[in-house]
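Protein chains: 4
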Amino acid sequence: MVRVGIINVTGYMGAEAARLLHGHPDIELVSVTGRSEAGRQLGDVYPHLAPLGLTVEPELGDVDAIVSALPHAASAETLLPYIEQGVPVVDLSADFRLRSAEEYEPWYGEHPAPQLLADAVFGIPELHGEEIAGAKLVAASGCHACAAILGLAPAVKAGLVRPEIVVDSKSGISGAGRTLGLSYHFAEANEGVSAYALGGHRQLPEMTQELGALWEAPAPQITFVPHLIPMSRGILATCYASLRDDAKINSESLRSLYEEFYADAPFVSVAADPPMTKQTAGSNYCLVYPLLDERTNRLVVVSCLDNLGKGGAGQGVQCLNLMLGLPETAGLTRPAVYP
Amino acid sequence: MVRVGIINVTGYMGAEAARLLHGHPDIELVSVTGRSEAGRQLGDVYPHLAPLGLTVEPELGDVDAIVSALPHAASAETLLPYIEQGVPVVDLSADFRLRSAEEYEPWYGEHPAPQLLADAVFGIPELHGEEIAGAKLVAASGCHACAAILGLAPAVKAGLVRPEIVVDSKSGISGAGRTLGLSYHFAEANEGVSAYALGGHRQLPEMTQELGALWEAPAPQITFVPHLIPMSRGILATCYASLRDDAKINSESLRSLYEEFYADAPFVSVAADPPMTKQTAGSNYCLVYPLLDERTNRLVVVSCLDNLGKGGAGQGVQCLNLMLGLPETAGLTRPAVYP
Amino acid sequence: MVRVGIINVTGYMGAEAARLLHGHPDIELVSVTGRSEAGRQLGDVYPHLAPLGLTVEPELGDVDAIVSALPHAASAETLLPYIEQGVPVVDLSADFRLRSAEEYEPWYGEHPAPQLLADAVFGIPELHGEEIAGAKLVAASGCHACAAILGLAPAVKAGLVRPEIVVDSKSGISGAGRTLGLSYHFAEANEGVSAYALGGHRQLPEMTQELGALWEAPAPQITFVPHLIPMSRGILATCYASLRDDAKINSESLRSLYEEFYADAPFVSVAADPPMTKQTAGSNYCLVYPLLDERTNRLVVVSCLDNLGKGGAGQGVQCLNLMLGLPETAGLTRPAVYP
Amino acid sequence: MVRVGIINVTGYMGAEAARLLHGHPDIELVSVTGRSEAGRQLGDVYPHLAPLGLTVEPELGDVDAIVSALPHAASAETLLPYIEQGVPVVDLSADFRLRSAEEYEPWYGEHPAPQLLADAVFGIPELHGEEIAGAKLVAASGCHACAAILGLAPAVKAGLVRPEIVVDSKSGISGAGRTLGLSYHFAEANEGVSAYALGGHRQLPEMTQELGALWEAPAPQITFVPHLIPMSRGILATCYASLRDDAKINSESLRSLYEEFYADAPFVSVAADPPMTKQTAGSNYCLVYPLLDERTNRLVVVSCLDNLGKGGAGQGVQCLNLMLGLPETAGLTRPAVYP
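First to last, the protein sequences are chains A, B, C and D.
Using my numbering, read the first sequence as starting at 1 and increasing by one per residue.
Using my numbering, read the second sequence as starting at 1 and increasing by one per residue.
Using my numbering, read the third sequence as starting at 1 and increasing by one per residue.
Using my numbering, read the fourth sequence as starting at 1 and increasing by one per residue.
With the rest of the complex left out, here is chain A (with noise of 0.2 Å):
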């Protein structure tokens, strides 16, 4: 059993970790930190933690591993030294995410660890599952950014679309965290639907440089609008993008591309019917649904996961396993939690 500790498991991240971490055949969860509720039993913070009878340390205790739930800056501040000692980490941050600290800057503030950018690896295993598989540190990519990836990487990879994309994002409310904030009271939230981050929101970079990567057109301009929706988890991307003039594709074809670029990756499924978010609660898994409008010559992709899951502390998991060497699959293959 390879030991795992889970740095700050007190926001929803770091308990999503512990949740799924808890019954991995491979992998035992030692130690869990948190610096507000340190010396409290887990299960007082989280009652349904409980049965995992963990106490929240102030540091973590001797692991072999680590998973990172920090937020961004703190996050890559604590994992320094663990890194230089070479210990494998999966960060569930955005510090690890952009190749460079120049595109880290305008949207989080100057990088704490930029040394670490180069040998760090973008955590969507269906497209760095190699590079994963021997790197030390990973960074799992943002809720947002993996379902739009997700659902847009076969047909930027097969070169069918122009670079003018519209990715407009629906997110449950867990994705801002358990920090209390007025768009998050329940009385507020319930019963409305609102766009944030109108301004520009910090997955869009990470959703630039992984299309971008797929292909020798320009980069990608994308407009990304993420929603509020009164939901506590998941992520619905809706992807729009002009077919080029030169594209040769019908629903059908459209469908086997989809279908033979995740003809390997287990966690991705191209659906039969529109999905639901809900279809993928409290799972790893990501449902992606491509589909022409032959009206406008506009292909659309509906791609849908859970925040916490394959967005989030799933995807974390999925990346450990590749860097310990273990079944990609090991401890993620319950199905979701419906209705």
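Rather than coming from a laboratory, the hints here were simulated on the basis of the structure.
Owing to the predicted nature of the structure, the values given are computational and were not obtained by experimental measurement.
Only some residues are given here: those of chain C computed to face chain B with a beta carbon under 7 Å: (1) Arg-19; (2) Pro-47; (3) His-48; (4) Leu-49; (5) Pro-51; (6) Ser-174; (7) Ser-232; (8) Gln-279; (9) Gly-282; (10) Pro-335; (11) Ala-336; (12) Val-337; (13) Tyr-338; (14) Pro-339.
Here chain B is said to cover these stretches of chain A; the calculated rule only asks that three of the stretch's residues, wherever they fall, bring their Cβ under 8 Å from a Cβ of chain B: (15) 164–174; (16) 177–191; (17) 231–241.
Glycine included, C-beta positions come from ideal geometry on N, C-alpha and C.
Since the structure of chain A is provided, determine the placement of chains B, C and D on it from the hints.
Just chains B, C and D now, kept in the frame of chain A:
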């Protein structure tokens, strides 16, 4: 007092029309019909309407004007004799929204009364106020269409954008009516979001017709994808269109353009902050929020309203006011119910 | 027009009072205050109230009557000078609900103005209509208390039940106000139900006081447990009490008793079917549904209302109408917004 | 591996049983049936179950044990031949919960196989663990009944309370199954709470039977009122009973009593804080929270679980484990999905 009747009060749209007409200063709601519930007290069908003291009738009594909340096809058939008698009619169905039977047919089937189309007016008062004031037959627009058209009209009319438009719309579940369906079962719809009508939604031709009429450019090429949101009421349409190369606009002038366009529109506000559907619930208000995505030179407009209010029965009452020579805002100035 | 002001318009209760007073036929809302938001447009704080065209002021302007939506203690302190000047006041806080400072103290702390308690009237018009009409200071009841008292009053007054009473109340989350708290974070409150205030809830003494005043039997022994429900608005109180051995009642006569009790109450209806909170949302109506559990010889009453409506600001406006000599129903006859 | 089949996998209860059996360490789910969907891939009916790779069959294949998720009456009829062959059966319907056909008949109609009742065991392992381990036919309890019985059993067995009991239960909407109904339409059920089955709910006799068997006092006189809550999953039962005059108990000893009663129960926890249904979603755990209302000398117990988990399919798997000689917790230790 003008004596008004509602045909098919038993669906959500008809019930909302009844709620709005109750307490209207210049209109008395005197007759409501409903096939399956004829003979029952309206308050037994809808307890919240008990204060109206009405009985559901099989046929309309003697009225000066009519609001029809029947489904398409049934609506035109039922209204025909009244229209021929010259009774002013607001139809909340789709029967008189499109200008020709040819456009109607692929979406709804053969038109039951094509001879009436020439004199029908599309019921968005912000675009067709004068025509509505002189009309005997007005077709209130679809709910998605209303949000998208109000959101895009100022930019389209000013020739700012290219014809390729994406409308990503999010709808509360009352938009699907009171008829049962697995997609609307609480346990299926709750905690989930999904796209629907991916092969083409019936409100697409309304958008194309109305936006196309605003400019001399080629007809807009709209991709419209509606989504089902776990809330009872509300439409939020996020609209995307690339700016024309010759568009001279910045954030400030864009906002001014919208404010001027709606300067005399009592129910459309250019919102100071990104709006939430919840801010319009139960009211006849529409909130629009235009912005430029300067990274991609794209216009983004968020537009929201209550699908049963400004997107349906409220808009219908607004049209009725104009048709009857009443103040446009009569009976419609109640603020939204929030939270 | 009577010129009315609202103190502390920025909480949900104050905002609802503003919404209800807008369009009141005999009252003009002329001044609204709010400490933290003073100087801002009301429509910037609450976009749905933009049509009121008011500015949040630091202090109340010149008014003929006042509605206070301050929290307890602060309310009495702030109202004191106005009350001493004889300005008619409806207080939505708990400060003037209990008859003595002794009863107030264990739940709220020392009373800030005990000398006023003797002249304050408890603001449920169905029980105290005449006193309210002659009062200068009326305390609108708590929302749970209102539902429970209206549900039980006819049976208690008739001496049907034993003093041992259980009130199991279910509340929407706006009942907790707009202040942030982990329990009200959407992701925590959604998809869950929980009991709260298990050590005793502050509205318990109101119930005991008001029901106790209806009979000569020993004071009722009420166990009151409120529950948090994932909805924005609404209270549904399910009340249980064993019948007295000498109670002569059957289902039919029970219903008659309730109908007679509320025959002159414009806002309380004895429902034909088990009511839903949703049927009262946004309105001033209360629906009560009494029945006998013949297996156990127990009375069960389901009573529901909108916590911000009949359970708060609506009730306050109803009291204000009576105090000002206006029709009791003025401004309050809007049906609920459904669905 | 024991080869297990599920009859009627297409309802929520059957689908949940399939989800739980997938990944069970000692059980292989080999056959699932469903009348209306026979021949379809299970993943087409329920996309979240696609990873199971099963086809819905018209009849059960060769299996070692059976879980039936048929409705009552149909369940007994379908199970009869298997039971006669000695195949171990867990029935999730109500057919074998009550000890006699006489008790069954007023609630469900004539019993289809009364001869089997004598050997059936009521499936709450915390009360009947040994009998279940030796049984061939086990009837999992109703979801409300499970919450109420687990909440009250320790106090009833200890003789602390009087027989007059109130159970006010709150249920998520999946408890009503997947069959359509106006009460379960999203727009009707959302933002509302209501009581149902006020004339008597079918799970009442289970509560009376099981609690009555725990003491020698007169049969409990239970008033049980279930409520519909706008959430997908979860039961929270709030139970009220007056203490007997001779009850010697305080808060501390009450808690100890409960902790001792459930000391060996792996799935029932005495919660440190008032529990939320959400803390049990997707899991087999039940959280109970007993307290004394010292003002009224009354016991209050809050008990919550997932109606499809511990209140249904999870409990069924727990029983199956015992019947098959497997560890009681096998396949059931996944924590709840939170938030």
